[in-house]
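Trainee: Listed here are the chains, written in short residue letters.
Number of protein chains: 2
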Amino acid sequence: MSVIRMTYRIETAGDVEKLAAKIASDQSTGTFVSLPGETPELKARVAARVVAIRPLEALEVPSIPDPSAPAGAIYRRADVDIDFPIEAIGTDLAALMTISIGGVYSIKGFSGIRVTGMQLPEAFTAAYPGPQFGMAGTRRLTGVEDRPVIGSIVKPALGLRPPESAEQVRELVEAEVDFIKDDEKLTSPAYSSLEDRVKAIMPVILDHEQKTGKKVMYAFGISHSDPDEMMRNHDIVVRAGGNAAVININSVGLGGLSFLRKRSHLALHAHRNGWDILTRHPGLGMDFEVYQQFWRLLGIDQFQINGIRAKYWESDDSFIRSFKAVTTPLFEGDVCPVPVVCSGQWGGQAPDTYARTGKTVDLLYLCGGGVVSHPGGPAAGVRAVRQAWQAAVEGVPLETYAREHHELAQSLQKFGADASAS
Amino acid sequence: MSVIRMTYRIETAGDVEKLAAKIASDQSTGTFVSLPGETPELKARVAARVVAIRPLEALEVPSIPDPSAPAGAIYRRADVDIDFPIEAIGTDLAALMTISIGGVYSIKGFSGIRVTGMQLPEAFTAAYPGPQFGMAGTRRLTGVEDRPVIGSIVKPALGLRPPESAEQVRELVEAEVDFIKDDEKLTSPAYSSLEDRVKAIMPVILDHEQKTGKKVMYAFGISHSDPDEMMRNHDIVVRAGGNAAVININSVGLGGLSFLRKRSHLALHAHRNGWDILTRHPGLGMDFEVYQQFWRLLGIDQFQINGIRAKYWESDDSFIRSFKAVTTPLFEGDVCPVPVVCSGQWGGQAPDTYARTGKTVDLLYLCGGGVVSHPGGPAAGVRAVRQAWQAAVEGVPLETYAREHHELAQSLQKFGADASAS
Numbered sequence: 008m009s010v011i012r013m014t015y016r017i018e019t020a021g022d023v024e025k026l027a028a029k030i031a032s033d034q035s036t037g038t039f040v041s042l043p044g045e046t047p048e049l050k051a052r053v054a055a056r057v058v059a060i061r062p063l064e065a066l067e068v069p070s071i072p073d074p075s076a077p078a079g080a081i082y083r084r085a086d087v088d089i090d091f092p093i094e095a096i097g098t099d100l101a102a103l104m105t106i107s108i109g110g111v112y113s114i115k116g117f118s119g120i121r122v123t124g125m126q127l128p129e130a131f132t133a134a135y136p137g138p139q140f141g142m143a144g145t146r147r148l149t150g151v152e153d154r155p156v157i158g159s160i161v162k163p164a165l166g167l168r169p170p171e172s173a174e175q176v177r178e179l180v181e182a183e184v185d186f187i188k189d190d191e192k193l194t195s196p197a198y199s200s201l202e203d204r205v206k207a208i209m210p211v212i213l214d215h216e217q218k219t220g221k222k223v224m225y226a227f228g229i230s231h232s233d234p235d236e237m238m239r240n241h242d243i244v245v246r247a248g249g250n251a252a253v254i255n256i257n258s259v260g261l262g263g264l265s266f267l268r269k270r271s272h273l274a275l276h277a278h279r280n281g282w283d284i285l286t287r288h289p290g291l292g293m294d295f296e297v298y299q300q301f302w303r304l305l306g307i308d309q310f311q312i313n314g315i316r317a318k319y320w321e322s323d324d325s326f327i328r329s330f331k332a333v334t335t336p337l338f339e340g341d342v343c344p345v346p347v348v349c350s351g352q353w354g355g356q357a358p359d360t361y362a363r364t365g366k367t368v369d370l371l372y373l374c375g376g377g378v379v380s381h382p383g384g385p386a387a388g389v390r391a392v393r394q395a396w397q398a399a400v401e402g403v404p405l406e407t408y409a410r411e412h413h414e415l416a417q418s419l420q421k422f423g424a425d426a427s428a429s
Numbered sequence: 008m009s010v011i012r013m014t015y016r017i018e019t020a021g022d023v024e025k026l027a028a029k030i031a032s033d034q035s036t037g038t039f040v041s042l043p044g045e046t047p048e049l050k051a052r053v054a055a056r057v058v059a060i061r062p063l064e065a066l067e068v069p070s071i072p073d074p075s076a077p078a079g080a081i082y083r084r085a086d087v088d089i090d091f092p093i094e095a096i097g098t099d100l101a102a103l104m105t106i107s108i109g110g111v112y113s114i115k116g117f118s119g120i121r122v123t124g125m126q127l128p129e130a131f132t133a134a135y136p137g138p139q140f141g142m143a144g145t146r147r148l149t150g151v152e153d154r155p156v157i158g159s160i161v162k163p164a165l166g167l168r169p170p171e172s173a174e175q176v177r178e179l180v181e182a183e184v185d186f187i188k189d190d191e192k193l194t195s196p197a198y199s200s201l202e203d204r205v206k207a208i209m210p211v212i213l214d215h216e217q218k219t220g221k222k223v224m225y226a227f228g229i230s231h232s233d234p235d236e237m238m239r240n241h242d243i244v245v246r247a248g249g250n251a252a253v254i255n256i257n258s259v260g261l262g263g264l265s266f267l268r269k270r271s272h273l274a275l276h277a278h279r280n281g282w283d284i285l286t287r288h289p290g291l292g293m294d295f296e297v298y299q300q301f302w303r304l305l306g307i308d309q310f311q312i313n314g315i316r317a318k319y320w321e322s323d324d325s326f327i328r329s330f331k332a333v334t335t336p337l338f339e340g341d342v343c344p345v346p347v348v349c350s351g352q353w354g355g356q357a358p359d360t361y362a363r364t365g366k367t368v369d370l371l372y373l374c375g376g377g378v379v380s381h382p383g384g385p386a387a388g389v390r391a392v393r394q395a396w397q398a399a400v401e402g403v404p405l406e407t408y409a410r411e412h413h414e415l416a417q418s419l420q421k422f423g424a425d426a427s428a429s
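From first to last, the protein sequence lines are chains A and B.
Residue numbering for the first sequence follows this note's numbering, starting at 8 and increasing by one per position.
Residue numbering for the second sequence follows this note's numbering, starting at 8 and increasing by one per position.
Treat the hints with care, as some may be off.
When chains are identical, the list treats them as one kind, so a pair holds in a single copy or across two.
[Stated by the list, open to error] Cross-link-like lysine-lysine pairs, in silico, BS3-like; alpha carbons within 30 angstroms at most:
#	residue 1	residue 2
1	366	222
2	25	421
3	366	115
4	29	50
5	269	221
6	50	115
7	366	331
8	50	421
9	206	50
10	115	29
11	421	29
12	115	421
13	331	115
14	269	331
No wet-lab data here; the hints were simulated from the structure.
Generate coordinates for the entire structure from the input sequences, incorporating the hints supplied.
Mentor: What follows is the structure in structure tokens.
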């Protein structure tokens, strides 16, 4: 029988085995032990089953404070594999989230609980569209080959009126950037409604395409809590000749993304804001490897995952794990989303990024300040980032490469002292 | 100018004031300090502003482990109020979630961050439908007055085929329960598709209505990650004469609920599975008081919030806070959702529930095992719960009341030894 295998990292002052069994019981037939309806045939159909318990080192300090703990209490930990029959859950991602993840967090007796693994059976791949564009589609739409797609962000994040945003876009397209996006915080406030912003920005993109043949991909912030509104926003972008959108996936939810993707003509650039609270504490929440599967099945095309020396809390090791997760097919032959390397990037991280991600250039490298705040202006900023990637691919140290590449030298001077650009 | 006031409980080994300022800056104009576009006029339009910092006692153990901490490090804490101009965010809840909550969790330097308050301006009340039924509508649809609406749940949670579910429903409606629901884990698996389940159960509900005039409210699990599918499920229930649905709000997301509510003819019974991980650690995530506002604006009618001596991790005090949050209008004159008191309830908690929630009977009191596992069967179980509530309202101790009320006496004997029914 086909199963969904979940892995939980559990932590408790009590008995690890009992809690593992409780997850399996609570999340399938329920908590009753003596109901007449709970026949062996029913259990065979839907009961979840603990298949492995791998003990881990105990902790002295619980992940969730335990004011009632006696002195010297220790908190046992284990990685627990539980198999859920596919018949119990089906292939709906909301049911999967409810049964195998959501409900688990409510169980009493944990001082820590983290979902660290999820292996879905083949049935899921047929049930979902997956990415519409992915890396191949993003390369086709941007015309960029054999190097990372270089992106930038209109800043400040909020407050610019559409003509001011368009002016920055003009500078960026003239700088030969490949991709530009709205900050994820910008969707459709009164001072910069999506419609007005599209009207101001798309002519700049299309004029540049007319003149140079290069169509810069612009991802507009179309997120809205109402899927009908989000579709209206989508249509505004499509009608104006746009080809991408920023989606705040946690804010619109599985339902919002599902609705949009079925009807979408745009490359969907996922921003995961809000995600951090689900993963920042190592004993709680969820690994990115699990979380990303939901959004990939639903069909995002580009996935923001931070970068080396990000300006946020996330460590380089965590970013590398995310990169590997996003670029590994969930099922044989499926399309992966584009890993979007971002947050404090300026080119200085190109060598480490290249070395630690398996020497690939299949990524979108997104630099905000690293492009816009370059001393020579955005065009120099873009050139500096490309130079940094050339150096990385050729295996030449940035300092060496900078001797012959002025813009990179300027970048090193401005951003090199810091760990990162902002 | 109209503002959204957020309160954050922040914790850091660094400087509380600096981190407060960083939230305000990161979540509005961005992290740049020297951008030409960031004019005073722009700042006035969108900049968030720290308006109060209330220091709290420092911690010796950080909420998120800090392996690099020197010996004797302490973690400063404060409650910080930050005002966001409504013009920066607008009234879209996805934008609100992204800007004032989601993005905050990514900021470096916190060892703890919890959103503890959110005061929305009036503009939000006009922008959202709110509950369609609430307590008045639930009373009208169930015909229950002057006492709590008494509910039960078909169990086991998963595995019953539709005729088996219908058989249990028959027992429950004959027991004169007011409300029945699918377990939240049950939506539309192959062995019990929603369509087949509705076909099996609704005739039982309608026959009982024909015979007795009492229409039991049945909440079917219609959640689906795809809003179109969820609407199809909704329509199946409506066409069969049903009047309620269970929605797994976190699993369908703001988008899913928004789409459904705009078109809904059903009382929407919200299950918040998954929520616990956002609130269980007191230094991380979000207070229920903040979280519930999103779902209330979108329009859920009934909100599960656990109960006294719940079988889950949540404390009684936390439940009482949730009850008060759900039953307090967000804006003058608006409709509140029904507080659904649940989890391990059997009537034994009626006196404490009544006393601690301000002596109200405006609630849905949901007993699974507390009804179904009663020694005299479900009918006796329902009578026992009603008796417990009568005793609570009359201020008579349950043991005294049980002398003249056999079913309550049986309940006390079976469930009274435990803290709760399962």
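Trainee: Now, for every hint given, state plainly whether the structure supports it.
Mentor: Right, here's what the structure says about each hint:
1. 366 to 222: within (27 angstroms within a copy, 66 angstroms between copies)
2. 25 to 421: So residue 25 and residue 421 pass the 30 angstroms test across copies only (24 angstroms; inside, 57 angstroms).
3. 366 to 115: Between copies only: 28 angstroms across, 45 angstroms inside.
4. 29 to 50: Within one copy, since 15 angstroms is at most 30 angstroms while 53 angstroms is not.
5. 269 to 221: within (28 angstroms within a copy, 42 angstroms between copies)
6. 50 to 115: within (23 angstroms within a copy, 47 angstroms between copies)
7. 366 to 331: For residue 366 and residue 331, the Cα distance is within 30 angstroms only inside one copy (12 angstroms; across copies 56 angstroms).
8. 50 to 421: Close across copies (26 angstroms), not inside one copy (64 angstroms); limit 30 angstroms.
9. 206 to 50: For residue 206 and residue 50, only the inter-copy Cα distance (24 angstroms) is at most 30 angstroms; the intra-copy one is 59 angstroms.
10. 115 to 29: within (10 angstroms within a copy, 36 angstroms between copies)
11. 421 to 29: between (56 angstroms within a copy, 22 angstroms between copies)
12. 115 to 421: Answer is between: at 22 angstroms across copies they meet the 30 angstroms cutoff, but 52 angstroms inside does not.
13. 331 to 115: The answer is between: 23 angstroms across copies meets 30 angstroms, while 34 angstroms in one copy does not.
14. 269 to 331: For residue 269 and residue 331, only the intra-copy Cα distance (27 angstroms) is at most 30 angstroms; the inter-copy one is 40 angstroms.
No hint from the list above goes unmet by this structure.
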